[in-house]
Structure formats: C-alpha cells, structure tokens
Amino acid sequence: MTAGVREVGTDLDEVGTDLDTADDIDLAVRLLAGTPTHEARDPELLRQWAYAADEFGSALPATDLDSDFHAEIVERTDGLELGLIARYRSRPRPTVELFTDTLDAAEALIDARGWRHWYPPGSPRAAALAHEAVHERLHHGPDRDALRRALGHVVLRAGRFTRYGHVAGAEEIAAHAYARTVCGLGRSPLHLTAALADAVARREVK
Amino acid sequence: MGVVILIIMAAGVAAMLTRKLPTAFALVLLGVAIAVVAGASFTGKESVLDTVLQEGSPMLASTMIAVLLGSWLGKLLDETGIAGTIVRKIVEFGGDRPTVVALGVLGVSALIGTVTGSAPAAMLAGIIGIPAMIAVGIPKVTAAGTILMGIAVGVPFELPIWQFFSTALDLPVPQVRDFMVKLFPFALVAAVAYVLIESRRRGVEHTWSLKSASAAPTSRRERLGDAPWYALITPVIPLILALGFELAIIPSLLAGVLYALITTTRPREMNKRLLRTLYGGFEVAAPPIALFIAIGILLAAVQLPGAIEALEPLVKAVSPQNPVLFVLVFTLLVPLCLYRGPLNVYGLGAGIAGVLIAAGIYPAVAVLGIAASYNQVFGVADPTSTQTVWSAQYAGVSPQQVMIRTLPYVWAVALGGFCVTAAAHL
Numbered sequence: 016m017t018a019g020v021r022e023v024g025t026d027l028d029e030v031g032t033d034l035d036t037a038d039d040i041d042l043a044v045r046l047l048a049g050t051p052t053h054e055a056r057d058p059e060l061l062r063q064w065a066y067a068a069d070e071f072g073s074a075l076p077a078t079d080l081d082s083d084f085h086a087e088i089v090e091r092t093d094g095l096e097l098g099l100i101a102r103y104r105s106r107p108r109p110t111v112e113l114f115t116d117t118l119d120a121a122e123a124l125i126d127a128r129g130w131r132h133w134y135p136p137g138s139p140r141a142a143a144l145a146h147e148a149v150h151e152r153l154h155h156g157p158d159r160d161a162l163r164r165a166l167g168h169v170v171l172r173a174g175r176f177t178r179y180g181h182v183a184g185a186e187e188i189a190a191h192a193y194a195r196t197v198c199g200l201g202r203s204p205l206h207l208t209a210a211l212a213d214a215v216a217r218r219e220v221k
Numbered sequence: 010m011g012v013v014i015l016i017i018m019a020a021g022v023a024a025m026l027t028r029k030l031p032t033a034f035a036l037v038l039l040g041v042a043i044a045v046v047a048g049a050s051f052t053g054k055e056s057v058l059d060t061v062l063q064e065g066s067p068m069l070a071s072t073m074i075a076v077l078l079g080s081w082l083g084k085l086l087d088e089t090g091i092a093g094t095i096v097r098k099i100v101e102f103g104g105d106r107p108t109v110v111a112l113g114v115l116g117v118s119a120l121i122g123t124v125t126g127s128a129p130a131a132m133l134a135g136i137i138g139i140p141a142m143i144a145v146g147i148p149k150v151t152a153a154g155t156i157l158m159g160i161a162v163g164v165p166f167e168l169p170i171w172q173f174f175s176t177a178l179d180l181p182v183p184q185v186r187d188f189m190v191k192l193f194p195f196a197l198v199a200a201v202a203y204v205l206i207e208s209r210r211r212g213v214e215h216t217w218s219l220k221s222a223s224a225a226p227t228s229r230r231e232r233l234g235d236a237p238w239y240a241l242i243t244p245v246i247p248l249i250l251a252l253g254f255e256l257a258i259i260p261s262l263l264a265g266v267l268y269a270l271i272t273t274t275r276p277r278e279m280n281k282r283l284l285r286t287l288y289g290g291f292e293v294a295a296p297p298i299a300l301f302i303a304i305g306i307l308l309a310a311v312q313l314p315g316a317i318e319a320l321e322p323l324v325k326a327v328s329p330q331n332p333v334l335f336v337l338v339f340t341l342l343v344p345l346c347l348y349r350g351p352l353n354v355y356g357l358g359a360g361i362a363g364v365l366i367a368a369g370i371y372p373a374v375a376v377l378g379i380a381a382s383y384n385q386v387f388g389v390a391d392p393t394s395t396q397t398v399w400s401a402q403y404a405g406v407s408p409q410q411v412m413i414r415t416l417p418y419v420w421a422v423a424l425g426g427f428c429v430t431a432a433a434h435l
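Protein sequence lines correspond, in order, to chains Y and E. Using my numbering, the first residue of the first sequence is number 16, and each one after it goes up by one. Using my numbering, the first residue of the second sequence is number 10, and each one after it goes up by one.
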C-alpha cells in the first residue's frame, strides 16, 4: 500500500461515515463493527459476513403477514424517546411493537431528503413489520441454522464435525435485507435508520 | 448510653441514605462519635486518637492489599483481552440460543467475581457481555441481572472477601472458606434459576433501533484481538491455589497476576504493562480501600469496652437465640441491607457485626453467616451499589428495575445462608 493512501473499504473509521457515498453493504459493515464481539475483527471479514447476511435475508421467501406471521401488532408513540422504530417480543405472547412517532418522523425525513423513489409512502411501516417477521422466523424456525451456515464462521472443527459460530448482528442485517426485498425499497432500511439517527442526534427531528 | 449510641448510628444511616455524607466519611464520624459517647479518653489506651483512629484505620490492611491485587488482576484481564475473549467465545458458540449465551455470560461473571468485585467486576464481564446478550435477544433487565447474579456466584470464592471477613470478624481464613463453600451452592442455584426462569418468563426481544446504525469507535486496545486459549484460565488460578492448595490469599492473587502476564505479554513489554495495570488497579481499588479504612475505625470504636458495655444489653434483648427465630428474623430483615441500610456489611452492618461478636451474643462464625448472607443480597440487588448502578445503566434500564427482578432470588440465597448458619453454628 502506498504511503498516504488507504485501501478502500478496509478502514472501519471511514466506512459509511458519509451517507451519500456509503452503500448498503458499507452500512451493514458499520453495524457489525459497532456490535460487541467484533471489536478486533478484520474489516474484510466483516464485509464478507455483511454480504452473506444481506444475501441470505434477500433470498428468504416472503412471509404472508396475514397467515404466516403470528405476532400481535401494537402501536406505541414513545419511539423517539426510546430510540426505537420497532420491537419484537416473544413473551408473554409474540408481539411486534411499532413506534408510530418514529415511523412518522421517518416519513417526514424521506420527504425532506427527496428519497421517495427509494422509500414509497407507508414503506417504513411495512419494512418494520417485515423486519420483525424475520426475527420471529429466525427465533422459531430452522432458518437460524441456515443463516449460521451461510455466514460460514467455523468455531470448531473435529473430523467431520463442524460447528458454525454465531455472528452477532448478522440477523439484523438479514432482517433489513429481507425488508428491502419484500417491500421493494431502493435502499436498505439501514440507510434510512442511519439518516434518522443522524437527524435525531442533530435535533432535526423532535 | 447504649440508646445514645443507637441514636448516633441511626443518624449515620440517615446521613448515608440521604447521601448527605459519603459512606466512608459517615463511618469515620460514627466511629469517633461512638468512642466519645462510650467514654473513651482522647489519647492513650482505649482512646479516640490512639485506638480508634490510629489502630482502627489499618485494621483491615491485609484486606486492602487483597483488594488492590484483585483490582490489579482485573485490570490485567481487561487490558490483555482475556475477559473479552471469554465472552466473545461464549457468544460465538451459543449465540443463537439466548439462554445458553446468558448461562455462559453468567459463568464468566462468576469467574470474574472470584477475582475482583464491585463495578470493575461488572464492567469486565458486562462491557461486552451485556450488549452481546441484548444482541441475541435477551431483554435488558435480564441481561443486567445476569451479570450481577453471576458475580454473586463468584463472591463466595472472592479471596479479598475471605480476607475481609477473616480480619474484621477475627476468624481464621479456613473457617471463612468453609462457610463460603457452603454458601456457594445457594448462590449458584439461584443464579441459574434466575437465568432459566427469567428467560422463560420474558422470552427474547429484538429491536430495530436507531442506535444500530451508528458504529462505536474502536480503540487500539479493543483491536488487540483474542487472548491465547491457555490465558483464559487466568481467573481460576488464584482460586485453585487458595482452595485446592490452601495457599495464602495474597500469594494466590500474585500468582494470577503473573500467569496473566506471562501468557499474554512479550518479555520486553512486561514491565511496562505490569506497572500500568498496577497503577490502574490503585484507581479501581481506591473506593473500597477508603471504605475499609473507615470500617476499621468503626470496628475499633464498637470494640471499645465502654461501647460493648453500653450496647450488650440492648443488642442481646433483640437478638434471637432460637434457630428458627434466628432464620425468620434475619430473613425478614434482608431489606435493611439495601439502600446503604444498617445491615449493609460495607457500612454500619460491619459495626453491628463487631458488636454481636464483641458482646458475645453470637459466635463469630454465626456472625460471618449473617454478614456473608447479606453480602449476597447487597452485591446484586442494592440499587445504590456501584455494580448494580453500572450494570443497569449500561443495559439502559434503572437500578430499581434490576432490584425488583433479582431480589427474590438473592433473598432466597440469604435464607439458605441463615439456615446453614442456624443449623451449624447456633
């Protein structure tokens, strides 16, 4: 590497710092880098996992929210205060909480930034439901083993026995990728999340 | 005179509860006031200056050294990446089964709890452990409580605590160790029950959060990577030496420091790392050492003949001698060790323990049973203890939420401790 020139996409400090230039994978790498247990990871490995998780989520068959999604949907209005867009809880009964104030703020931000071609009206809510549907699916179904295999993080190999390790944060990337695909979004909801987090931090959204 | 001393004690508790005075300062003032009321002279034998302040302040010196060494070892576990590596490995192996991850983090917290206590122990296990648990779907209150319950599992084997009880209650270390070994199963069962029951009751929780989009900056230390596998047994080295080989506490802790250093550090960097972590250990150990100086002063005051004479009839009148009543009364009094209450063993509780022994109301080992049992409650559920505050706030919940969730479990541990005490030592 030439002195003074950094390898593109290998320095975590610069990944996705600029929303205009960061693509969805950059943002996914940034999410992984900020997830505990990945502090010492090679950024290239994080990128590889981000790709794998994104591909896995994009390829998941669509869930019919009416027949396949068993969670109760509850609306709340304290999302900006809590810093939340949506939340899935498995107990006492599977529930998805949608934070409507944050979703409204997301809609307003999309208009303000001129991002309607990426995020059609109502898409943040649809993406939130799709996102949480993946969490429910990964929590209850066989897909979580498939995700581990797709990531290929081997933590133990003894003869024919191979143990694939858990990659913290990968499920989140898969959920965002699934939401992007089934909702037909132009960008990952991660991009919208980053913009919204930035706007909240700058107090552009109240 | 005894009533006056009790009023002074009550005023001291009020000052601590209302945070008018830091606990250490309040205990020193209490010690001096009790000595004056007990009729101690200013200087000379059994006096305020020479006995209470001069002899009292270094009374727990060996505990202070043990605390310092534990903090030093804790700093090394942090700086060398040993603690972080253990937590990371657990998440990688069990990450898609939240209960397995929580049990793993509980185990790591227990290991760390044997080395050091208070907020630094919670930080060692929790800095990676809490967000890692939350990331796999464990609710925040459960995650914070898991760290605290885990540390409490390690507390019966925390060597500085053995030293503290040994010196403060004037008991040989093997006697303290024997009781702690009996207390450990209660702490372990309660902690495992906490994880299993709370995981079952609360299930998993996944959030689409605004925070998920922002990466935390990684420091140079965080990028150091995994510690070698053979370094990961560092936390059990002092324990094996002290418990298995009956080595003294300070050499056992020093052996842990050396093992951590040798297994993780290049020879040319050893001196620098040793000094840096030792000085860091001083910083971590400063609050408990200040407290132990103050407790020594209070113990010296309540052990003055005048104080014993004044307090003996009062304390004797309210202290149950019947084993069943003993268990019942001390179990009901558990809440009094919360919020820096009068039964907090790192506060006025140490003074009360001193009175119970000095007045001959209970044998010293029975007082150890009372104090150690309350310590299991205080270390987990007290919303004013530093580890509880840190864990709760780091997880993003209130210390009171953690107290409500963990209190039933640690109350049961205390009950177990009182039963053992009553059965074996009354």
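In case anyone wonders, no lab produced these hints; they're calculated from the structure. Fair warning: there could be bad hints in the mix.
Dumping the calculated DMTMM-like pairs for lysine to aspartate or glutamate here, alpha-carbon to alpha-carbon at most 25 Å [to be verified]:
#1 E:Lys-98 to Y:Asp-38
#2 E:Lys-98 to Y:Asp-158
#3 E:Lys-220 to Y:Asp-79
#4 E:Lys-98 to E:Glu-88
#5 E:Lys-220 to Y:Asp-213
#6 E:Lys-98 to Y:Asp-160
Predicted, not measured: the structure shown is a model, and the values here were computed from it.
| field | Those earlier numbered hints the structure runs against, lowest number first | value | Hints 1, 3 not satisfied by this model.
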